[in-house]
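Participant: As a plain string of letters, each chain reads:
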Amino acid sequence: MNHIKDNELEIINLEKTSEEKISKLKKIGIIGLEATLITASLYTTFTTTSMMTLDEMEWYNQIALMIPTITSLCETYKLGKYAYNEIKEQEESELEIIDFNITEKNEHKELKKIGKNTWDWIKGIGAVGSILFITNLIKDIAPMITPYQLAGLIMALSFNVIHIRNLDNKYEPYDEIKELIKRSEK
Amino acid sequence: MKEENIILTLSDGSKYIIVKEITYQNQNYLYLINTENASDQILCEINQNKIKKITDLKLVNEIILKAQEK
Numbered sequence: 001m002n003h004i005k006d007n008e009l010e011i012i013n014l015e016k017t018s019e020e021k022i023s024k025l026k027k028i029g030i031i032g033l034e035a036t037l038i039t040a041s042l043y044t045t046f047t048t049t050s051m052m053t054l055d056e057m058e059w060y061n062q063i064a065l066m067i068p069t070i071t072s073l074c075e076t077y078k079l080g081k082y083a084y085n086e087i088k089e090q091e092e093s094e095l096e097i098i099d100f101n102i103t104e105k106n107e108h109k110e111l112k113k114i115g116k117n118t119w120d121w122i123k124g125i126g127a128v129g130s131i132l133f134i135t136n137l138i139k140d141i142a143p144m145i146t147p148y149q150l151a152g153l154i155m156a157l158s159f160n161v162i163h164i165r166n167l168d169n170k171y172e173p174y175d176e177i178k179e180l181i182k183r184s185e186k
Numbered sequence: 001m002k003e004e005n006i007i008l009t010l011s012d013g014s015k016y017i018i019v020k021e022i023t024y025q026n027q028n029y030l031y032l033i034n035t036e037n038a039s040d041q042i043l044c045e046i047n048q049n050k051i052k053k054i055t056d057l058k059l060v061n062e063i064i065l066k067a068q069e070k
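Those protein sequence lines, which keep their order, are chains P and D. Residue 138 in the working numbering sits at position 138 of the first sequence; the count goes up by one each step and never skips. Residue 63 in the working numbering sits at position 63 of the second sequence; the count goes up by one each step and never skips.
Heads up, some of the hints might be wrong.
Heads up, simulated BS3-like pairs for lysine-lysine below, C-alpha to C-alpha not over 27 Å straight-line [to be verified]:
{"id": "1", "chain 1": "P", "residue 1": "Lys16", "chain 2": "D", "residue 2": "Lys58"}
{"id": "2", "chain 1": "P", "residue 1": "Lys16", "chain 2": "D", "residue 2": "Lys20"}
{"id": "3", "chain 1": "D", "residue 1": "Lys50", "chain 2": "D", "residue 2": "Lys20"}
Label pairs and their calculated CB-CB ranges [stated by the list, open to error]:
{"id": "4", "chain 1": "P", "residue 1": "Lys16", "chain 2": "D", "residue 2": "Asp56", "range": "26 to 36 Å"}
{"id": "5", "chain 1": "P", "residue 1": "Thr17", "chain 2": "D", "residue 2": "Asp40", "range": "12 to 22 Å"}
{"id": "6", "chain 1": "P", "residue 1": "Glu20", "chain 2": "D", "residue 2": "Gln25", "range": "27 to 37 Å"}
{"id": "7", "chain 1": "D", "residue 1": "Glu36", "chain 2": "P", "residue 2": "Ser18", "range": "12 to 22 Å"}
{"id": "8", "chain 1": "P", "residue 1": "Glu15", "chain 2": "D", "residue 2": "Gln48", "range": "11 to 21 Å"}
Since the hints were derived computationally from the structure, they do not count as laboratory data. Built from N, CA and C at the ideal position, the CB exists for glycine as well.
Isolated chain P, as found in the complex (with noise of 0.2 Å):
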């Protein structure tokens, strides 16, 4: 007899396939865990921030934790931007039905989707996260800062913004990513 609890669920089939016809959908599964990893960075970069308040750091700690929360931003801007740009080239190519449960034409909305909701949402976050940080940064450090470590920052923000910059012209799939539409193609 088993004994299942509420919230558990029991798998009561195993069926082999061919990569073929899930390796579509296992790209879109595999942005998705890109994306909850990114999130996962953030978070994490976000509650250890929140164990020393920036009154009680120093300038230049307060600039080292900018660096991971602007790359992770810096991720999932790319990830949003390769999946709604992998979809876009798609949609214009013939859609055909695939054996699957998934059509084509659904997987693409599917990948569109995710690709819209990431970049929204690092739209929402970069916009909230950005003006939060800068504004508790001058009012923390501005009184004390000195011309240095204000050219510092400068170049720091200047930095990142090219970064975005250049990422929005030219971006790089993962290479997992490219793996999986490597192995798709074949």
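Chain P is fixed; fit chain D onto it per the hints.
Facilitator: Frame of chain P, contents of chain D only:
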């Protein structure tokens, strides 16, 4: 359970593909995607033939970050 090319049918009738298998603190977890609704993606704990969806955000983050290390 191998993460390649397997469709799982659960007791509620839903079907999922294994995207990633993760081991964290001697417990196996699966990141699954629904075959009929690609936006339904879940992280769950697996014990023999039973799975339990992980809803604790902190634990989800720990497990997902662990998956990145591999």
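Participant: Give a verdict on every hint.
Facilitator: Each hint tested on the structure:
1. For the proposed pair lysine 16 of chain P and lysine 58 of chain D, the alpha carbon gap of about 33 Å is over 27 Å, so the pair is violated.
2. Proximity of lysine 16 of chain P to lysine 20 of chain D is assessed by CA-CA distance (about 16 Å); at most 27 Å being required, the pair is judged to hold.
3. Pair hint lysine 50 of chain D plus lysine 20 of chain D holds up; C-alpha atoms about 17 Å apart against a cutoff of 27 Å.
4. The supplied range of 26 to 36 Å is met by lysine 16 of chain P and aspartate 56 of chain D, whose beta-carbon atoms lie about 32 Å from each other.
5. For the hinted restraint 12 to 22 Å between threonine 17 of chain P and aspartate 40 of chain D, the CB-CB distance of approximately 18 Å keeps it satisfied.
6. Judged by the Cβ atoms, the range 27 to 37 Å given for glutamate 20 of chain P and glutamine 25 of chain D holds: they are separated by roughly 35 Å.
7. Separation of glutamate 36 of chain D from serine 18 of chain P is about 18 Å and conforms to the stated range, judged on CB atoms against 12 to 22 Å.
8. Checked against the hint of 11 to 21 Å, the pair glutamate 15 of chain P and glutamine 48 of chain D passes, with Cβ atoms roughly 18 Å apart.
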